[in-house]
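Protein chains in written order, with our numbering: chain A, 456 to 838; chain B, 456 to 838.
Heads up, a few of these hints could be off.
The list treats identical chains as one, so a pair stands whether inside a single copy or across any two.
Result set (DSS-like, lysine-lysine): computed pairs, CA atoms no more than 25 angstroms apart in a straight line [claimed, not checked]:
{"#": "1", "residue 1": "K494", "residue 2": "K458"}
{"#": "2", "residue 1": "K783", "residue 2": "K494"}
{"#": "3", "residue 1": "K459", "residue 2": "K491"}
{"#": "4", "residue 1": "K711", "residue 2": "K479"}
{"#": "5", "residue 1": "K494", "residue 2": "K459"}
{"#": "6", "residue 1": "K771", "residue 2": "K491"}
{"#": "7", "residue 1": "K723", "residue 2": "K494"}
{"#": "8", "residue 1": "K672", "residue 2": "K532"}
{"#": "9", "residue 1": "K531", "residue 2": "K672"}
{"#": "10", "residue 1": "K724", "residue 2": "K458"}
{"#": "11", "residue 1": "K580", "residue 2": "K610"}
{"#": "12", "residue 1": "K771", "residue 2": "K459"}
{"#": "13", "residue 1": "K662", "residue 2": "K494"}
Quick caveat, the hints were computed from the structure, so don't treat them as lab data.
What follows is each chain in one-letter form.
There are 2 protein chains.
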Amino acid sequence: MTKKLMMIPGPTPVDQSILNALAKDTVSHLDPEFVKILKETLEDLKTVVMTENGQPFVIPGTGTLGMEVAIVNSLKKGDRLLVISHGFFGDRFVEIAQCYGIEVEVLASEWGKIVEPEEIARKLKEKKFDVITLSHVDTSTGVCAPLKEVGEILKQFPETIFIVDGVCATGGIEERMDDWGIDILFTGNQKAFGVPPGLTNAVFSEKALERRNSLGKISAFYMDVNRWMPVMRNPAGEYFSTHAINMVYALNQGIKLMLAEGLEERFKKYKRFALAFQSGLKELGFNMLAAEEIRANTVSTILYPAGIEDLPFREKLYENGVLVSAGKGVLAGKIFRLGHMGNISENEVVATLSIIEKTLSDINYDFRWGAGTGAAEKVLFAK
Amino acid sequence: MTKKLMMIPGPTPVDQSILNALAKDTVSHLDPEFVKILKETLEDLKTVVMTENGQPFVIPGTGTLGMEVAIVNSLKKGDRLLVISHGFFGDRFVEIAQCYGIEVEVLASEWGKIVEPEEIARKLKEKKFDVITLSHVDTSTGVCAPLKEVGEILKQFPETIFIVDGVCATGGIEERMDDWGIDILFTGNQKAFGVPPGLTNAVFSEKALERRNSLGKISAFYMDVNRWMPVMRNPAGEYFSTHAINMVYALNQGIKLMLAEGLEERFKKYKRFALAFQSGLKELGFNMLAAEEIRANTVSTILYPAGIEDLPFREKLYENGVLVSAGKGVLAGKIFRLGHMGNISENEVVATLSIIEKTLSDINYDFRWGAGTGAAEKVLFAK
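Bound-form chain A, shown alone:
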């Protein structure tokens, strides 16, 4: 049986070496070998997000846990939060903040567009915010936020904590935590890392840790980074709550693969894959939801041309061997979402396009065989 190609924006395909690491014997959280692996993983995480003095945390949970960890450690009831929302996951910050009585304001873009940096600057000048959140890539809309520019703007507002949701970006798109003034950056395993889901990986800047301390007692126990801090700094001697031992093995191996390939190489590769998909799909009559300059390199959101219906198309595509995701919210039925991150190669890009062509043929859509794959090949291979 041919394995289905899992071209969704997470979980992404997991390399066999990561699965092998995952299946190593479970040991004590105090086992010297595990302690070594955890320490190494925490250091490697800093390398991935390009920070010198950030404090990494690896906590059993999901990306959503990461969002809430960021919120509860930087805001208390009545504090002011500015959410920049580019879709479903941006909006989720609002819901989380409302659980804690935080004063939230939202700058939301139309889905598929971004909030312009100037608008953010204007808002920040108008009013003081304790924290601002920005999703680097909102998985629901496939737009990529101008992280660096927003970071630049925020340098004029040093009292504001800059939270970045890196779930659909970290390890796939450049994130220079220190240079860009990011205070809290969190991500999951199952997107650009290509590791099975189950861990929240977060890095806090020194400023973010000071902010946490200034809050005193917070309405959180498991999510309180101050409770995890001792064990993250000294895994051999401290205990807070049992590490997800095997998941840490897997994360360690996942980051090893990333660093062995080289971060810059990896970022460029995903960019190339994104362009190859876009080029191929365009030849087949599809359009991209997001304008070129804000398209994510990790996930594409693809508008159907007239004559293709969402559900029958995705069902046939799945039957033919490729899994993609449906549109969310207002985009349901109008787009499909295609992940191109994690441990995939040129082969999956071309194979996916060929299966899309097969599917178009099955539904009697008019196209030229090889138009999609050919265009992608030019991007991927032409000298």
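Knowing the structure of chain A, use the given hints to seat chain B on it.
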């Protein structure tokens, strides 16, 4: 190299079939095969805790997350909680509740003893409590709470929610959720289940879910069971936050092993292992911290006889091939903790005792070779 015997109260040794399940290909959270496995796991979890109508939740996290999930879904600021504490993890409920401004009272036993059911009954008559928590086995002291009796008492207080921390018990010691009137029962993977750590497994009774609803909006997002409910009831059609796919595979296989063996058989087996260890260790000059009638079947807390020093003993024992845990808090240096749950057999019991004998010999402690193993064998094998 001989593998170290991991005889700690969690993580416990993981069966190869569970590691194999863990290492299966990561798929989408909507993949029909995964959906089937998750549904099955949720049903099996109900079987393990013997409930008909309880609502199971499998959430990425740890046992501590489970404690907090139980608290935030049953109590709001100003509500009244009675914590029955038999050690470190009982006390942790107090810390968690204090994060949320909950009014907490504690009935705490001396470490190694229990709070008598009559005392609990007296307290409940004295004052109305919204919730009571009880750790079935407190991993720090190895005492087993009289769950059934406390449940019986609570039948006179139907307005009080009964939370049971099953982290060091569920699947290893009988827990009849419905019969004993338990409202929220949660556990981890890495103790009696013998599965790698990384999931919080909780079951809520109908009364507990009503209680959650009566609270309205709560100060929690990720931990709000109402947000997880749709996806737990309909994994194929709903989304809240990405499941820890591979961890669910492993949990599924872990519970399969338990149910294939039979719960009653398993409970009896651990009882036999506990008695074998106690008998063997007694012959070697050790005493148990907990009185016989309150000793847990999953973990033993063992007092050192005069002449044996904690750290050198445990270090030598580890060097010889057996890992045990140190005493916590006031018991540090006075006891060691020995786990005997999860996927272990008679072989590990006898081997552990033999390595303890070897270690006693190494430190020139006076004993008779075979005294420990012989006594254990009588419990395990004698007709």
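Okay, which hints does this one fail, numbers in order? Failing hint: just 7.
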